[in-house]
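Heads up: the sequence lines are chains A and B, in that order.
Numbering follows this note's numbering, in which position 140 of the first sequence is assigned residue number 144; successive positions increment by one, without gaps.
Numbering follows this note's numbering, in which position 63 of the second sequence is assigned residue number 405; successive positions increment by one, without gaps.
These aren't lab readings, by the way, just hints derived from the structure by calculation.
Here the structure is a predicted model, which is why all the values come from computation and not from measurement.
Each residue gets a CB set at the ideal place from its N, CA and C atoms; glycine is no exception.
Treat each hint with caution, since some may be false.
[As the list claims (entries may be wrong)] Label pairs and their in silico Cβ distance ranges:
hint: 1; chain 1: B; residue 1: 782; chain 2: A; residue 2: 158; range: 24 to 34 Å
hint: 2; chain 1: A; residue 1: 83; chain 2: B; residue 2: 780; range: 49 to 59 Å
hint: 3; chain 1: B; residue 1: 837; chain 2: A; residue 2: 116; range: 25 to 35 Å
hint: 4; chain 1: B; residue 1: 396; chain 2: A; residue 2: 116; range: 48 to 58 Å
hint: 5; chain 1: A; residue 1: 115; chain 2: B; residue 2: 429; range: 31 to 41 Å
hint: 6; chain 1: B; residue 1: 468; chain 2: A; residue 2: 115; range: 24 to 34 Å
hint: 7; chain 1: B; residue 1: 734; chain 2: A; residue 2: 76; range: 35 to 45 Å
hint: 8; chain 1: A; residue 1: 106; chain 2: B; residue 2: 683; range: 36 to 46 Å
hint: 9; chain 1: A; residue 1: 5; chain 2: B; residue 2: 669; range: 56 to 66 Å
hint: 10; chain 1: A; residue 1: 5; chain 2: B; residue 2: 675; range: 34 to 44 Å
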Amino acid sequence: MTEKQENTLELANESIKAFGASSSEHAIDKFANELPAHIDEEYEIPGSYGVDTLKCLGVNVNTVYIYWEVTDFMLGQFNAKNQALVVKLISSDDSDAELMNFFITDMVSSRFVSIHLANKNIHASLGIIRDGIFIEMLRSNSFFTPTDTVTLSQDELWMSKTEAFEQIIKASSPSAFNQSSSFGIIKELEFLRKHSETLKASQSVSSFSLSSKE
Amino acid sequence: MKGYWIPVLHSHLPFIKHPEHDYFLEEHWLFEAISETYIPLLMKFRQLESEGVEFFMTTSITPPLAEMLDDRHLMEKYLAHLDRMLELCNKEVARCEHDPHFSGITKFYLDRFSKIREFFIGFLNYNVLNGYRYFASKGNLEIITCGATHGYLPLLSVNPKAVEAQISIAVDTHKKHFGVSPNGIWLPECAYYEGLDEYLSKYGIKFFFMDSHGLVYARPTPKYGVFAPMYTPKGVLAFGRDPESSKQVWSSKEGYPGDLDYRDFYRDVGFDLDYEYIRPYICPDGTRVFVGLKYHRVTGEGEFKEVYNPIHADAKAISHAQNFHYNRVKQIEHLSQFMEDRPPAVVSPYDAELFGHWWFEGPDFLYYLFKEFDSKKELKAITPMQYLALHPSNQVCAPNPSSWGDKGYYDVWLNRSNEWIYRHLHHICDELCSLANRYKDSSDYLINRVLNQLSRELLLAQSSDWAFLMTTKTAVEYSTKRTKEHISNFIKLSDMLKRNEINEQLLSKLEEKNSIFPNIDFRVYAD
């Protein structure tokens with residue numbers, strides 16, 4: 005480990021040494037008392053909406069939440085009324101590699117899935133297995149999972165910016181903003197950094213600069 | 343000058359307005375916050391100003407809070423509440439006139455509420471926002487916004503329009519109340535997800551705050567940890583919470599607010615005094631509640647509590663301010679050895695309502711702390727924009743999805759006690775987007791009113807406070823009913839629209855009750 009990385013690690017440790025400070029208490033808790041609510045009306049809400057749905061949300065580094073609603077209409081379309089339905093968790097980053105799966109019986113339900121996933125784009129897929137082949141009926145949104153580890157890097161990208169930053173970045177490296185992840189953008193920006201001196205020289209008003217700190 | 347201290351207060355309450363009731367318990371959250379936090383803080387700022395003490399601070403005023411503080415109905419109720427408190431204070435002074443233990447403390451409260459009332463109708467001209475505007479115009483306060491209704495953005499992000507609307511409406515509401523676009527945002531619950539910076543950047547937000555691990559577990563880990571901000575890939579500056587200074591104030595065990603000389607939060611005359619005597623000042627249904635007159639100090643862990651002595655408590659506030667300053671100096675001296683091109687910056691964000699409401703002496707502590715910074719000149723209290731002016735060059739890293747809630751991620755807002763809400767929140771948002779696209783060119787006044795009210799009901803249902811209170815089990819019934827109320831209102835209104843049978847009476851009733859964002863335009867949900 006270089007001296008620079010040792011410094012970074014030292015400051016990282018200082019930054020999270022009292023991690024327990026993440027708070028289970030908020031000010032609103034102090035106002036709230038569990039007393040009979042004063043709303044006179046009772047409000048009814050539907051148990052389902054008759055819309056085929058599959059959603060996937062990260063809860064923490066070790067938990068993913070998935071909920072779904074499957075209608076008879078869709079089951080009919082797939083000729084799947086008497087077939088077992090399966091939900092798969094997929095890593096969108098690794099050529100749609102399957103991370104885990106589970107069978108479902110309830111047409112409107114949800115599940116908290118325990119699985120350690122750090123820094124991954126994931127999505128869920130719901131379908132049936134016919135002749136050994138998974139047939140996708142619904143695909144969820146994708147979600148980027150958090151991490152709980154330090155990532156030390158030799159490279160540092162630094163930036164000075166003023167108002168016109170994003171327009172200039174876009175004009176200089178249109179592909180940067182098409183990246184699927186923030187880290188991808190940083191990689192693009194690192195590439196852009198190599199050209200930043202030329203770029204700065206070509207601007208009458210310096211709106212931003214990228215630099216490397218060795 | 344050895345380093346920077348960046349104090350941040352997050353001022354927020356959910357939108358609660360019940361014009362159908364003369365007395366509504368949860369409306370008192372706002373009244374208590376005004377009397378115990380917002381006005382005492384502004385009074386302390388005024389005192390610093392008159393004494394020529396330099397101070398700089400960042401505070402969020404969330405859109406729901408700003409809308410409530412600007413709501414005539416609620417402010418009329420607040421004034422009536424203040425008058426009722428003064429009436430009780432006067433009765434208490436008379437009751438305790440010859441009581442050697444309590445006569446001093448009852449006079450203390452009478453004097454305090456008299457000054458609060460005078461400040462409200464005088465300096466503030468019946469509007470608390472005037473005080474914030476005043477100190478923002480003087481450059482002392484950097485006022486930032488928050489999500490439109492404090493929606494938990496990562497869990498709403500399955501429909502990007504939900505996130506975009508929370509931010510764009512927040513920015514518009516900030517402009518309406520403060521006359522300028524906000525430079526920064528307090529992300530609701532400091533909750534960040536991958537890609538959120540795109541929307542922040544789009545709406546001109548220059549900085550936001552995260553919990554420590556949002557920066558420390560960023561990709562890559564920033565060179566200076568949380569002691570310097572970092573740019574996100576879209577060029578928004580992320581500041582990280584310093585855990586040490588947070589803990590000194592937040593921790594109920596190790597933090598300052600637990601000092602034995604400070605006022606005890608839980609002993610309140612609403613529960614202590616004779617039932618028939620106190621009855622006019624508690625819930626009209628006879629339920630005992632806190633009324634805000636608390637005569638005892640923390641004393642110790644047992645049941646026995648001694649009488650509160652404001653002079654002793656004030657001395658403690660001075661000594662804690664000195665201790666906090668001393669610790670920051672030592673902390674910054676230690677950190678400086680690892681930082682090569684700039685002094686460390688310590689970011690200390692707190693819920694504003696911690697100061698005054700929970701920690702009664704909190705506003706005094708802040709007052710003495712700013713005096714300490716100003717007189718010692720070893721550290722400088724600054725705002726994020728001042729930091730940016732001093733240090734425009736910062737490292738670029740991808741923040742880690744995180745929040746400042748218990749366990750550091752999304753657990754508090756998504757668990758078995760509140761998971762049921764998300765299916766509905768996502769569905770009605772999709773429904774509104776579809777209706778907004780269908781009617782975006784509509785010039786029909788009535789249809790537009792329905793669509794605007796649909797937007798309000800969706801936004802109010804999205805408030806993260808309801809999911810939070812379901813988890814902590816402090817107001818489960820109220821928060822469950824509020825969530826269901828807005829979902830149910832939404833469904834009724836959208837059915838009216840689909841059937842083309844608009845019930846104008848119901849629409850007007852909802853517009854009056856759930857009146858947040860009177861100038862909202864539903865087209866924010868259209869493509």
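Taking the hints in turn, this is what the structure says about them:
1. B/782 / A/158: 24 to 34 Å: 50 Å, violated
2. A/83 / B/780: 49 to 59 Å: Distance hint for residue 83 of chain A, residue 780 of chain B is violated at roughly 33 Å.
3. B/837 / A/116: 25 to 35 Å: 33 Å, holds
4. B/396 / A/116: 48 to 58 Å: 50 Å, holds
5. A/115 / B/429: 31 to 41 Å: 55 Å, violated
6. B/468 / A/115: 24 to 34 Å: 52 Å, violated
7. B/734 / A/76: 35 to 45 Å: 60 Å, violated
8. A/106 / B/683: 36 to 46 Å: Violated: the Cβ-Cβ distance is about 51 Å, outside 36 to 46 Å.
9. A/5 / B/669: 56 to 66 Å: At roughly 30 Å between Cβ atoms, residue 669 of chain B and residue 5 of chain A fall outside 56 to 66 Å, so the hint is violated.
10. A/5 / B/675: 34 to 44 Å: With Cβ atoms ~25 Å apart, the hint is violated.
Hint compliance for this structure: hints 1, 2, 5, 6, 7, 8, 9, 10 are not met, and every other hint is.
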